[in-house]
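One line per chain: the protein sequences are A and B, in this order.
Our numbering puts the first residue of the first sequence at 10, with every later residue one more than the last.
Our numbering puts the first residue of the second sequence at 482, with every later residue one more than the last.
Each hint should be verified, as a subset may be incorrect.
Unchecked claim - Residues on chain A that point at chain B, a partial pick, calculated with CB under 10 Å:
#1 Arg89
#2 Asn97
#3 Phe128
#4 Arg139
#5 Gly142
#6 Ile149
#7 Asp181
As the list claims (entries may be wrong) - Here are the computed lysine-lysine pairs in the DSSO-like style, where the Cα-Cα straight-line distance is at most 30 Å:
#8 A/Lys94 / B/Lys695
#9 A/Lys94 / B/Lys555
#10 A/Lys166 / B/Lys768
#11 B/Lys768 / B/Lys555
These aren't lab readings, by the way, just hints derived from the structure by calculation.
Glycine included, C-beta positions come from ideal geometry on N, C-alpha and C.
The primary structure of each chain is shown beneath.
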Amino acid sequence: MSETINFTTTESMLINVANLIENDKYYWVAIGGSPMMAMMLARKTCAPRAYYVVEDGTISPDPLEYVPFLSGASGAAEYRAVAWKDMNTVGFHCAMGYYDYGILDCLQVDMYGNINSTFIGGTYEHPERRFGGPGGANEIASMCWQTIFMADQEKRKYPRRVDFISSPGYLDGSLRARERAGLPANTGPYRVVSEIAMFGFDEETHIMKLLAIAPWVTLDDLLAEMDFEPLIADPLEKLPPPTEQQLTVLRAEIDPGGRILGQGTWIEYTPED
Amino acid sequence: MDVLASGKGVYRTPDPDGHREWVRTHKSRELKSKVMTAKEAVEQFVSDGDYLGYDLNIHKRGPTALMHEIIRQKKKNLWVAVRFSGMDPAILIAGGCVSRIDIGWFIQSGTCSRAIQEGLIKVTEWTNGAVVYRQLAGAMGLPFLPLRYIGGTDTFEQSGAKLIKDPFTGQEICLVPALNLDVAVVHVHQCDEFGNARIFGSGLSPMETCSCAKKLILSTEEVVSSDEIRRRPQLTTVPYYMVDAVVHVPFGTYPGAMPGLYGSDPEHMIEMMMADRMDTMDAYLEKWVYAFESHVEMLDKLVGARKLIQLMQAETFREGYRA
Numbered sequence: 010m011s012e013t014i015n016f017t018t019t020e021s022m023l024i025n026v027a028n029l030i031e032n033d034k035y036y037w038v039a040i041g042g043s044p045m046m047a048m049m050l051a052r053k054t055c056a057p058r059a060y061y062v063v064e065d066g067t068i069s070p071d072p073l074e075y076v077p078f079l080s081g082a083s084g085a086a087e088y089r090a091v092a093w094k095d096m097n098t099v100g101f102h103c104a105m106g107y108y109d110y111g112i113l114d115c116l117q118v119d120m121y122g123n124i125n126s127t128f129i130g131g132t133y134e135h136p137e138r139r140f141g142g143p144g145g146a147n148e149i150a151s152m153c154w155q156t157i158f159m160a161d162q163e164k165r166k167y168p169r170r171v172d173f174i175s176s177p178g179y180l181d182g183s184l185r186a187r188e189r190a191g192l193p194a195n196t197g198p199y200r201v202v203s204e205i206a207m208f209g210f211d212e213e214t215h216i217m218k219l220l221a222i223a224p225w226v227t228l229d230d231l232l233a234e235m236d237f238e239p240l241i242a243d244p245l246e247k248l249p250p251p252t253e254q255q256l257t258v259l260r261a262e263i264d265p266g267g268r269i270l271g272q273g274t275w276i277e278y279t280p281e282d
Numbered sequence: 482m483d484v485l486a487s488g489k490g491v492y493r494t495p496d497p498d499g500h501r502e503w504v505r506t507h508k509s510r511e512l513k514s515k516v517m518t519a520k521e522a523v524e525q526f527v528s529d530g531d532y533l534g535y536d537l538n539i540h541k542r543g544p545t546a547l548m549h550e551i552i553r554q555k556k557k558n559l560w561v562a563v564r565f566s567g568m569d570p571a572i573l574i575a576g577g578c579v580s581r582i583d584i585g586w587f588i589q590s591g592t593c594s595r596a597i598q599e600g601l602i603k604v605t606e607w608t609n610g611a612v613v614y615r616q617l618a619g620a621m622g623l624p625f626l627p628l629r630y631i632g633g634t635d636t637f638e639q640s641g642a643k644l645i646k647d648p649f650t651g652q653e654i655c656l657v658p659a660l661n662l663d664v665a666v667v668h669v670h671q672c673d674e675f676g677n678a679r680i681f682g683s684g685l686s687p688m689e690t691c692s693c694a695k696k697l698i699l700s701t702e703e704v705v706s707s708d709e710i711r712r713r714p715q716l717t718t719v720p721y722y723m724v725d726a727v728v729h730v731p732f733g734t735y736p737g738a739m740p741g742l743y744g745s746d747p748e749h750m751i752e753m754m755m756a757d758r759m760d761t762m763d764a765y766l767e768k769w770v771y772a773f774e775s776h777v778e779m780l781d782k783l784v785g786a787r788k789l790i791q792l793m794q795a796e797t798f799r800e801g802y803r804a
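Just chain A, same shape as in the assembly:
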């Protein structure tokens, strides 16, 4: 009988993203949120040679700790960078094709990988809830070669069609839709990651496709938390559960106070032998 492990949904989400991060690839990571935590986890575990840039112009930093955006993102976040530049410089380098992957968290992602961070409910002119807009996510989702999205597995976060396309996925899914809108060729969403699932996109239709599912949930549980039915890979893989090393790094080095990790729901899981 294997040992029971306990972890939060936040930890499981970060671990699922970190498992995707590769050595010797370059990432444009959303500043100061969960994408940055996933990047730090990967750099301390499976991918110490993954490099990243953030949109304020910090190129390949080597920070000692995770620095949330609000708690005075000061020198700590820029520590040991190879260059301190600016937002336009990062945009230029992305437009030229230097950045392999973008990593973004999002409010809503739809079946074509379009994301919304502008408003939910009502109309654009009279929104029920207004949010902060695309920020740098539009640049990242447009120009990185491939983009990884993070979205909690909740029905309202996986609508068939987002209320507003703040940043582009495959748009209407049609062939060359992105190129026709002026975006660089051969780019687009790569993975959508939740705490219990990993999705890709069908190469022909550009519809979201379920690739792997956490071993502690059923397919029905998962589909109940989506507004549309994704394509389903055959065979459907199982996501690896969190390892002791990953949980230790998250809890002891990245968020020692548990302020962010503790916000998730606790999962108790006993791996089958």
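We have chain A already, so just place chain B on it with the hints.
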């Protein structure tokens, strides 16, 4: 050139020749001292109805002292370029200074969301990058620039961007109109009395923001000699002839962090965010802005030397932030 699609967002029509005329007639080439108080600088160079921009945000190297002065002087109907912002648009909106914003991004803010939902301020959608890219076009003296993002989205539909067929390649590409601000307010690490300024650390768009503006107010942590500037010219971010006013304000970005010098004040940040969430920004502004004549007086009476020393000690990273 074929225009294939146009966003319906409101933008100010670019006017590169108008900007050149302004520079010709208003920007002094003389090496003269521009040192003045924040009160004098804002009285002289910020007008009701101005298009306002600034670099970074109230959490990091933002021009807090100058923003507070704009609020204190009750400037009205500003059009504010908001990108990569923190609570800065919230305090300007709460101060009644804003009638229109360009949105790249604002942090989750009750004040901003309410103002938009209730139609109190008008909005044009952009992205963070598109706003600084528009400033780059303005800083290059051009009417527009092509870019490889924003297209295909609802953001595009609500922006002032256009999709065209590129006359050189025949491929689709988006264009954004240049942005020349009426006034920019920027906080720097060091500058001399003429305005030759140094900024250390990652910047958002210090060069573009300073260069694209008709009027530029710098606040600085430290005034250094012009000889010091000329000893290390490579470090100069902004040359003097763009600068209209130099305001010496140590801790001028408080409660935000100044990289390499001091950290942000977490207690103040929580107070500010709670005021935003609880819709009590009036009381917040009364306490931190209206009650005082200047940033220095506020620091002296509400923050104190002990706290400021703690904030300096909290910034444990110094490498790279010195000449």
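Tell me if A/Asp181 is really an interface residue toward chain B, meaning its C-beta lies closer than 10 Å to one of theirs.
holds (9 Å)
Would you mind confirming whether the straight-line C-alpha gap from B/Lys768 to B/Lys555 stays at or under 30 Å?
holds (16 Å)
Under 10 Å, Cβ to Cβ, is where A/Gly142 needs to be relative to chain B, so tell me if that hint holds or is violated.
holds (4 Å)
Hinted contact A/Arg89 with chain B - closest CB pair below 10 Å
With a closest approach of 8 Å, the A/Arg89 hint holds.
For the hint on A/Arg139, does the least C-beta distance to chain B fall short of 10 Å?
Holds, because the Cβ-Cβ distance from A/Arg139 to chain B comes to roughly 4 Å (cut-off 10 Å).
Would you check the hint for A/Lys94 and B/Lys695, treating anything up to 30 Å between C-alpha atoms as holding?
Holds. A/Lys94 to B/Lys695 sits at ~24 Å (cutoff 30 Å).
Should the interface hint for A/Ile149 be scored as holding, given a Cβ-Cβ cut-off of 10 Å against chain B?
holds (9 Å)
Does A/Phe128 meet its interface restraint, that is, does its C-beta lie within less than 10 Å of any C-beta in chain B?
holds (9 Å)
Holds or violated: is there a CB of chain B closer than 10 Å to the CB of A/Asn97?
OK, holds: A/Asn97 within 10 Å of chain B, min 5 Å.
Please verify whether A/Lys166 and B/Lys768 have alpha carbons no more than 30 Å apart.
Since the Cα atoms of A/Lys166 and B/Lys768 sit roughly 39 Å apart, the hinted pair is violated (cutoff 30 Å).
Run the distance test for A/Lys94 versus B/Lys555: straight-line Cα separation, threshold 30 Å.
violated (35 Å)
Of the numbered hints given earlier, the model fails hints 9, 10; all others are met.
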